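Line order of the protein sequences matches chains A and B. Every letter in the first sequence is one number past the one before it in this note's numbering, and letter 36, counting from 1, is 36. Every letter in the second sequence is one number past the one before it in this note's numbering, and letter 46, counting from 1, is 46.
It is worth saying that the hints were derived from the structure and are not from the lab. Values in this document were obtained by computation on a predicted structure and should not be read as measured data. A virtual CB, placed ideally from N, CA and C, is assigned to each residue, including glycine. All clues given are correct.
Negatives, chain A to chain B, calculated, CB over 12 Å:
#1 Pro70
#2 Asn71
#3 Thr113
#4 Thr115
Restraint ranges, calculated between C-beta atoms of paired labels, are given here:
#5 B:Pro39 x A:Gly16: 29 to 35 Å
#6 B:Gly16 x A:Thr113: 37 to 43 Å
#7 A:Gly28 x B:Thr103: 29 to 35 Å
#8 B:His75 x A:Asp63: 42 to 48 Å
#9 A:Asp57 x B:Gln80: 39 to 45 Å
#10 A:Ile96 x B:Thr77: 29 to 35 Å
#11 B:Lys56 x A:Gly16: 44 to 50 Å
#12 B:Gly52 x A:Arg64: 41 to 47 Å
#13 B:Gly82 x A:Arg9: 22 to 28 Å
#14 A:Val53 x B:Gly16: 46 to 52 Å
#15 B:Gln108 x A:Thr115: 25 to 31 Å
#16 B:Thr77 x A:Asp63: 46 to 52 Å
#17 B:Ile110 x A:Arg64: 41 to 47 Å
#18 A:Glu44 x B:Pro39: 16 to 22 Å
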Amino acid sequence: DAGVIQSPRHEVTEMGQEVTLRCKPISGHDYLFWYRQTMMRGLELLIYFNNNVPIDDSGMPEDRFSAKMPNASFSTLKIQPSEPRDSAVYFCASSILEGTPYEQYFGPGTRLTVT
Amino acid sequence: TQLLEQSPQFLSIQEGENLTVYCNSSSVFSSLQWYRQEPGEGPVLLVTVVTGGEVKKLKRLTFQFGDARKDSSLHITAAQPGDTGLYLCAGDSGGYQKVTFGTGTKLQVIP
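One chain only, chain A, in its complex shape:
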C-alpha cells in the first residue's frame, strides 16, 4: 500500500503569491494532520481532520492559512498571501483509530521557500 503522498516536494515562490500544498492520506485512514517544521520551532501541528471534518485548527498561524479536506483521499493547505516567514517544511500525516494508539504515518514533506 502506498504511504502518504505529498506534492509538490519542493516549492519556491515569491512573497505575496498563493501557495497550495497537497496531500493524499493512506487509504482507510480517518485522521489527517498538517504540520510545519522549522529549526526554531520544531514540529508544530497546524490543523487536523477526522472523517474529513476539521477538529482543531488552533495551530493555524493566521488567516492567511486555510486547509480543506473535500473527501477522504485528498487535502490541501493553502497560504495566501505567502510571506518569507512561512518558509518551512510542511508535513501531512494520517492515522487510523483502530491502529496503534496515536501512531501517525507521515508523508515526505513539502519544502517551501518564500523569497
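Assemble the complex: chain A is given as a structure, and chain B must be docked to it using the hints.
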C-alpha cells in the same frame, strides 16, 4: 499547553558508543511515542509506551516510560551511523489521535 522538552538538543558521538536521550514534561500522558526522522523524510514511529515504568526494546534501542508517565528515555547501545537522525518524542494530547511533539534531539554517529 503540554510541553515536551528533549535533551540533549544535539549529540555527536563515535560509532560504538552508548547514548541516552531524555524526554521530559510536567504533564501526564496516557501514552508516549518515539519517532526517528532522517534528512529529507517524515518522522517514522519507533515505539509506543503506555504503562508507567514500561520498558521496550527494539534491537539496540531501549525505551522507558517514567513511573509517573511524565517522562521517557531512549538508550542506544553501540551506536551505528545508521542511527543518525532526529529523534522526536510525542505525547497524546487528549483524544482524537492528536499528539504533541517534543523539541527533538539531533544525533550524529561518526564512523
